[in-house]
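Asks: Chains as they are written, first to last, in my numbering: chain H, 6 to 204; chain W, 56 to 312; chain L, 123 to 597.
Source of the hints: derived by calculation from the structure; they are not laboratory data. Treat the hints with care, as some may be off.
In silico contact screen, one side only, chain L against chain H (beta carbon under 8 Å); selected entries [as the list claims (entries may be wrong)]:
1. Met251
2. Ala299
3. Arg328
Chain L is faced by these chain H residues, among others (derived, beta-carbon under 8 Å) [stated by the list, open to error]:
4. Pro22
5. Ala61
6. Val138
7. Val189
8. Gly194
The C-beta atom is built at its ideal place from N, Cα and C for all residues, glycine as well.
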Amino acid sequence: MTARETVLARLRAALGPAAPALTEVPRDYRRDGVVDIERLVDRLTDYRAQVHRVAATAVADTIAGILPAAAIVVVPPGLPSAWLPSTVTVLPDDDLDNARIAAAAAVVTAAAVAIADTGTVVLDGSPDQGRRVLSLLPDRHVCVVRTAQVVADVPQALARLTPHRPLTWISGPSATSDIELDRVEGVHGPRTLHVILLP
Amino acid sequence: MRIALFVTCLADTLFPEAAKATVRLLERLGHEVAFPPGQTCCGQMHVNTGYQAQALPLVRRHTRVFDPYDVIVAPSGSCVGSVRHQHATVARRAGDVRLAARAESVAGRTYELSELLVDVLGVTDVGAYFPHRVTYHPTCHSLRMLRVADRPLRLLREVRGLDLVELPAAEQCCGFGGTFAVKNADTSTAMLADKMRHVLSTGAEVCTAGDSSCLMHIGGGLSRLHSGVRTVHLAEILASTERDDTMGERAELVVRS
Amino acid sequence: MTRTFLGMPTAPTGVGHLRGAEPFPVAARRALADAQLRRNLGHATATIRAKSAAVIDEVPDWERLRAAGSAIKTDVMARLPELLEQLEQRVTQAGGVVHWAADAHEANAIVVDLVRDTGSDRVIKVKSMATQEIGLNEALEAAGIAPVETDLAELIVQLGDDRPSHILVPAIHRNRAEIRQIFLRAMPGVDPALTDEPADLAAAARRFLRQTFLSTPVAVSGANFAVAETGTLAVVESEGNGRMCLTLPRTLITVMGVEKVVPTWRDLEVFLQLLPRASTGERMNPYTSMWTGVTPGDGPQAFHLVLLDNGRSAVLADEVGRQALHCIRCSACLNVCPVYERTGGHAYGSVYPGPIGAVLSPQLTGVADNASLPYASSLCGACYDACPVKINIPELLVHLRDRAPHPHAESAVMAAAAYAMDRPALFAAAQRATRLSRLAGRRGRGLPPPLSGWTDGRDLSDPPPQTFRDWWANR
């Protein structure tokens, strides 16, 4: 008997011969929240993300204001080039090794979805967001979100996302509550998160 | 209304004043109290200590004794909790479906004192007089098993002369827990120490609750500290009037040390 | 009637961390004597309770979410074998490899072999209750492989040669000054000017682990959820060490208790709302990673999922007890438990401490091996109210007490009491006798053993002059 057969046989024996009772899952929790951009900003800020609300044409200028001149900035291959200021050194991801990504000052990505209720942005590996490692190793993450990508709550976010894509849900910068349960921002992930919110 | 008193074995044996006060209070409000003499113990101690088989005859007895009554009251959240949340389970576990149904029926007619007064009898001002500074400990089973919520506080607020002070961290367990206090005496004592600290911080003369068991625990600790704070069952406060203040008698019973 | 499955194997002895060396009251006594520990625990649990209450208050449909979470888990348990087969199929289709482990020995052997196949003598680990349960670190070390815990609290525990004492915050029993001392003593290359500011301590961990993350080719993780419908795994974390482990190595090995499967993608909408608020008291934890098998060009290119039984089928066999498998490891029950708050997690002996540990550990090992744990509770019920999936822990405790082996003397007393209590005349006589013996025998206020434990710290009031029923009869 393989371990697989053993485990499945034990679980079946544990449940007994009767057909499983069907359990109706009550789904009367909120699923139809109305998007509230102010709430998104409030929640992002509450968890120490820095929020910039600018016009679609002002992304590059905003990033120029955030990142020091000549900073090395990793970008995924599909990021709109108009978002990038001439003040920084752009390092496009053409299968960069981890050491080069880690040495960069910042990364700029788009997002797939943002959740107002929780102050979360979700990345799904699309060309304008790139491989997961890009948004992980640099110490600053600049994430550009369009208002149309904002949903009200977690159920709406899951409905928009594709399960088979690698997903990273980000709510503020890296943090820990491991020391006396006080929240401290900045452990292994980016220690600074900027969200640029476009109309 | 004719109301059956489920006295509970603890009140019957060690804290009869709480039960007597329940009788006096209900009679003063114009109701008839019956005491079914066949009652003994609801079996909670057996169930909670891991002896459900031994509890079965006690569940059967309790159900048989109280089944004839439409309204049943106990001056104990814990014992009402046992009737409501354990009796049918014990019966079902033993395969006695009929007993389980009867036990559920009795449980549906069984009330903790503050529930009876507020929900069934519709009173919050019971005409009591108790000129003392009092703090209320909500006891876990009243609070979380029965959800009596603010019913006892609503009753206490209507008592003339009573100065009600809020107990800090009131919802924290006092550490009694039946056999827990014996099997885990050190942890129980640590929990009690914090409860007493909070009681003493209120400056109250009296700590009250709806359960004699928790009051026995808290009162036992306060007595050991010679703190001067008395524990008095909610029923005794509600039964007190200008003419009939039971505090003197009660104080002698509890505080001698 | 509850069925008992003799012969349904429980977690084996001699491996893993489900059994304590001493009964709870003995271990608790030592913990209670440690004033620093009690201060640390009291501060930490009070902090987290307040945070959690505040963010739960924001959610108007919290009770509906709890009801949904509870129902999903009930459904999972009823259909566990088929859901696992579905999960296996989906993970395999997505390029992952699924392994089954009947117990800790098998799981450890699978992981050790997989790590050996990579040629690495080191693994990076994301905090995982399942791998602590099976003692994976010891098994790896025995095979010459160094496991590196990357969660800050786990790192504190590992460097301090300590044991975890909380599900979420394994170093909850340590304060910042103690953590600084541990880092100064045991962290290679640490800056001697390290302060005890939490931000400074976190930065030290970041520097210490960065190169290890970048140079270790294999990682081991647990899983918070696995979606049968899609084959998607989810890990919920805060620091980014999870993302490092799930993203950087070539090989990822995930060890998951079989009960972690959920039926559908949509079910995550319930648990991702419940877990962070109940757990760290956040609206959402900083990072959640979800992956399905292998994504070409992104993250680990070899993915192994180890499905672990280790006594779970024995828990499932108990119709009342099986709700302990609903646990999503949020640790809310620990944070509200008055017993845990005073004794800490080590007293429970198992990696699963607190109220959930008191009902899960004895079932995984068989009640006889953790017989004192179901009694490590005053049945105050705070855990049931706090549980985001509504596990009725007090009911489970009482249920397990019934199955626990009882001391002979106690059994005799209980039987005698039940006998008398079923006979009112005898009961009344016993009441009077109790009173008389107390009156006759008392010098001081003590009761005889074993009840003396109670009267050591409290006075029992004098017995009343007459019982209620005597008063009633003479009225």
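Asks: Does each hint hold? Answer for all of them.
Replies: Verification of the hints:
1. For L:Met251, the interface hint is violated, since its Cβ never comes within 8 Å of a Cβ in chain H; the closest pair sits about 15 Å apart.
2. At its closest, the beta carbon of L:Ala299 sits 10 Å from a beta carbon of chain H; the interface hint therefore is violated under the 8 Å criterion.
3. Of the supplied interface hints, the one on L:Arg328 holds, with its beta-carbon coming within about 6 Å of a beta-carbon of chain H, less than 8 Å.
4. Taken as an interface hint, H:Pro22 does not check out: its beta carbon lies about 11 Å from the nearest beta carbon of chain L, beyond 8 Å.
5. About 27 Å separates the beta-carbon of H:Ala61 from the nearest beta-carbon of chain L, more than 8 Å, and the hint is not met.
6. Of the supplied interface hints, the one on H:Val138 holds, with its beta-carbon coming within about 5 Å of a beta-carbon of chain L, less than 8 Å.
7. For H:Val189, the interface hint holds, since its Cβ comes within 8 Å of a Cβ in chain L; the closest pair sits about 4 Å apart.
8. A distance limit of 8 Å between C-beta atoms decides the matter here; for H:Gly194 the minimum to chain L is near 3 Å, and the interface restraint holds.
Going down the numbered hints, you'll see the structure goes against 1, 2, 4 and 5, while the others check out.
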